[in-house]
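There are 2 protein chains.
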Amino acid sequence: AAPKPMKAQAKLVGDIISKPPILANQNISINEASKILIENGINHLPIVDENKNLVGIITSWDIARAVAQNKNSILEIMTATVISSTVDEPIDVLARKMSIYNISGAPILDKNKKVVGMITAEDLSKLVGIRAKL
Amino acid sequence: AAPKPMKAQAKLVGDIISKPPILANQNISINEASKILIENGINHLPIVDENKNLVGIITSWDIARAVAQNKNSILEIMTATVISSTVDEPIDVLARKMSIYNISGAPILDKNKKVVGMITAEDLSKLVGIRAKL
Ligand SMILES: C[S@@+](CC[C@H](N)C(=O)[O-])C[C@H]1O[C@@H](n2cnc3c(N)ncnc32)[C@H](O)[C@@H]1O
Chain G
378 AAPKPMKAQA
388 KLVGDIISKP
398 PILANQNISI
408 NEASKILIEN
418 GINHLPIVDE
428 NKNLVGIITS
438 WDIARAVAQN
448 KNSILEIMTA
458 TVISSTVDEP
468 IDVLARKMSI
478 YNISGAPILD
488 KNKKVVGMIT
498 AEDLSKLVGI
508 RAKL
Chain D
378 AAPKPMKAQA
388 KLVGDIISKP
398 PILANQNISI
408 NEASKILIEN
418 GINHLPIVDE
428 NKNLVGIITS
438 WDIARAVAQN
448 KNSILEIMTA
458 TVISSTVDEP
468 IDVLARKMSI
478 YNISGAPILD
488 KNKKVVGMIT
498 AEDLSKLVGI
508 RAKL
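Protein chains in written order, with full-length UniProt numbering: chain G, 378 to 511; chain D, 378 to 511.
You may find that some hints are simply not true.
Claimed, not checked - Quick list of in silico lysine-lysine cross-link-like pairs, PhoX-like style, CA-CA up to 20 Å:
hint : chain 1 : residue 1 : chain 2 : residue 2
1    : G       : K488      : G       : K412
2    : D       : K448      : G       : K412
3    : G       : K448      : D       : K488
4    : D       : K412      : G       : K448
Think of the hints as simulated: they come from the structure by calculation, not from any bench.
Take the sequences, apply the hints, and build the full model.
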């Protein structure tokens, strides 16, 4: 039988996160943050405190901002008010949230507010390719 | 009547590009490229020659690479083999191409190979939110 069209409404954020998240502490330097982004081929780095609680996010755009505006510390370029999601949020709700807040990624939190993954616009845009095939 | 589900197959890249592209010349510095990204709130900067032909692309990830690896010139961090698209390419084909090549954006070229726009993973991920509403 032909595959059924995917129901977007049924798909949850938890269905498409896979990797353990790459996280960093807020004491790192801009150079160290850049290295983490490059070595892992990623654009988003959630920043956590000693208890692994989310305190901010650094993206490669923030690194470009540091270069453009001669900022020298993570705290100057980090976004502290992080738009996040949970594993049980429908993917389309997260997609709209990312669109409304004009962000390219969101850390995914579990019930205890620990970061368990990241979802980026790249992850979501892959769904466009998949759906169109059905 | 209720809106019909959007047919992904029918949608072309040209249907979702709107803004004129922000472009730069390859003679700019890394600092200037960073400023263009930040002032325009973008992550991708197609690089063109005097004749407006595409010669590369710079993203904020490349700026992070310059910071991580102490690179000092655009030519060192620019990706010269650019994956591009055309206004008449179906959106889902572009989405798969971006996924396969692990890129987060593609310059859109017209028949004369001039850059007429950019499509990013963020643009595509907005479609996930829209489709899910139907
Ligand atoms: C391999 S990705 C890794 C990070 C992330 N996946 C992303 O796309 O931003 C980053 C590299 O892709 C390159 N890139 C982005 N868009 C491109 C395109 N349309 N064609 C070729 N290379 C591109 C950038 O210049 C950068 O060096």
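Hint by hint, which ones does this structure get wrong, listed from lowest number up? Violated hints: 1, 3; rest satisfied.
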